[in-house]
Amino acid sequence: MDQVVFESVRKVFRSRPALFNWMGRERAGETVALEDLSFSAAPGEVLVVLGPNGSGKTTALKLISTMLLPDAGSVRVGGFDTRQNAHHVRRHVGIAVATERSFFARLSAGENLEFFASLDEVPRRGRAERIGEVLDETGLEEWADTLVMKFSSGMYQRLGIARALLKRPSVLLLDEPTRSLDAATTAHFWNTIRNLARQETSILLATHNFAEAAEVGDRLLLLRRGELLADRRIVRGESVEELRAFYFRSTGELDETAVAMRSVR
Amino acid sequence: MIAILDKLHAILRRDLLTFVRHRTGFAIIFVGLLTQLAAFYFLARAIGPGFRPGGVEYFPYLLVGTGLYTFFVMSTQAFLSTIQEAQQTGTMEVLMTTSTAPVQLVVLSSISAFAGNLVNLGVYLLAGVAIFRAAVNANLLAIMAVLVLSLVIALALGLAAASLQIFFQRGSVVMWLLSSGLWFLSGAMFPIEKLPQPLLWLAHWFPLYYAIEGMRGALLDGQNVRMLAPALGALAGFGAVLLPLALWGLSFSLRRARQDGSLSFY
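These protein sequence lines are chains H and X, in that order.
Heads up, the first sequence is in the working numbering, so the first residue is 10 and it goes up one at a time.
Heads up, the second sequence is in the working numbering, so the first residue is 4 and it goes up one at a time.
Rather than coming from a laboratory, the hints here were simulated on the basis of the structure.
Rough simulated footprint, nothing fancy, chain H against chain X, three-plus residues with beta-carbon under 8 Å:
hint	region
1	10-23
2	80-94
3	100-107
4	255-267
If you anchor each label on the Cβ, the simulated ranges turn out as follows:
hint	chain 1	residue 1	chain 2	residue 2	range
5	H	Glu151	X	Ile31	33 to 41 Å
6	X	His25	H	His217	33 to 41 Å
7	X	Val139	H	Glu142	48 to 56 Å
8	H	Ala192	X	Arg16	30 to 38 Å
For glycine and all other residues, C-beta sits at the position ideal for the given N, C-alpha and C.
With these hints in hand, go ahead and build the complete structure from the sequences.
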């Protein structure tokens with residue numbers, strides 16, 4: 010059975026005009042974030058979600074996590090509908106979002122993880138060991154007792170990943186997970202992704218990084234303005250350049266890097 | 004049940020650690036409480052011993068009134084700040100994806116905010132008695148009864164503030180009502196019998212009035228539960244209506260925020 014199923018999902022964000030809108034220039038009306046989106050992810054599959062800014066990648070991940078509810082269609086995780094059985098869905102899903110400041114600044118990394126482990130109902134017996142494991146996995150073990158307000162962007166991002174892994178989710182959602190990570194940590198993280206996939210964890214990874222997509226992805230979803238442009242397998246050994254060319258060809262955007270490279274030659 | 008207690012423990016621990024690590028804030032709160040007490044002590048002295056509202060000295064009258072009123076305002080403010088901070092940092096959205104039901108999570112967070120301010124209330128009353136020699140004649144059982152029912156009212160107010168904050172980012176409306184709009188209806192500083200008839204009528208629809216009157220009876224006048232039955236009955240009635248209403252409002256606003264994508268708006 011597929012772990013994640015999107016069926017004809019539509020999501021619209023409405024912006025209501027302010028009372029004195031004539032005084033400013035606030036945009037009012039509707040923004041269609043996702044339109045008739047259908048796809049599924051199998052256990053152990055790494056699904057890479059690509060697309061320009063505003064294409065609906067983060068919205069899709071938030072719909073799976075139950076942060077958002079769909080306006081039409083359905084989202085199911087592990088067979089549970091996110092609207093009807095949100096509580097069951099949340100037990101399955103771990104999420105690491107791109108803007109990782111979502112911690113308690115005056116708690117240490119370890120204390121933050123203890124707090125979230127409790128809310129995620131990680132069994133008390135073995136909780137400390139599990140926290141140690143995820144800290145180790147993300148290379149934060151020596152900063153376990155440091156207050157997170159002293160963390161750099163990259164460390165915040167690592168802690169976000171550690172938090173997402175805490176409850177051993179069967180569906181892992183990652184929004185630009187390596188944006189602030191150094192090269193060594195990124196390489197280690199890609200290994201972690203592959204290991205999790207081998208343990209049947211479904212992984213949805215939204216990224217702008219073609220190297221990441223080529224390195225860990227099994228399948229590629231390409232979104233633009235909330236619509237699905239492509240859903241295809243990533244062939245083992247497919248190069249970064251091939252993925253990049255496919256992306257620009259499909260979205261119709263201009264690849265200025267490629268143009269510049271050609272003019273240099 | 005064990006899981007809920009585990010979560011409550013985690014939230015209390017988080018709030019306690021955050022509180023003690025704000026080193027100066029820790030001191031400011033206690034200095035602030037003592038300064039407030041001193042101001043009321045000298046106000047009572049300036050007014051003179053002839054003014055005995057409800058047959059008790061004015062300083063103990065102020066001590067209980069302002070202590071309980073401050074408890075309501077500060078705990079609601081503390082809880083609202085927790086919600087606002089979670090919205091600003093993005094923690095709110097992440098918290099809503101944990102295995103804990105969102106309504107349960109907000110209720111547990113509010114209990115933590117109120118527990119902290121309950122300690123402040125205890126320190127305030129003890130300091131009033133120990134340092135400023137307020138005369139008390141306490142009935143412990145009645146004090147507990149008033150306190151428990153007051154907590155239910157405070158919880159309802161806190162949840163209402165949270166609902167408004169999540170629904171249209173204006174939880175401060177409840178704070179305005181408590182701290183400037185309706186404070187004089189609570190009888191915290193003077194007997195409401197001095198108010199004109201329409202306001203006196205309105206004050207009887209304000210649960211804080213019964214909490215303060217009940218606590219004065221239990222702490223200063225030694226009244227037992229039977230003697231306080233009217234105040235306790237009114238508090239129980241308000242609690243029975245306000246708490247389910249606040250829980251429904253919270254559940255509605257959370258669902259609406261998930262639909263609109265406004266969980267982290269502030």
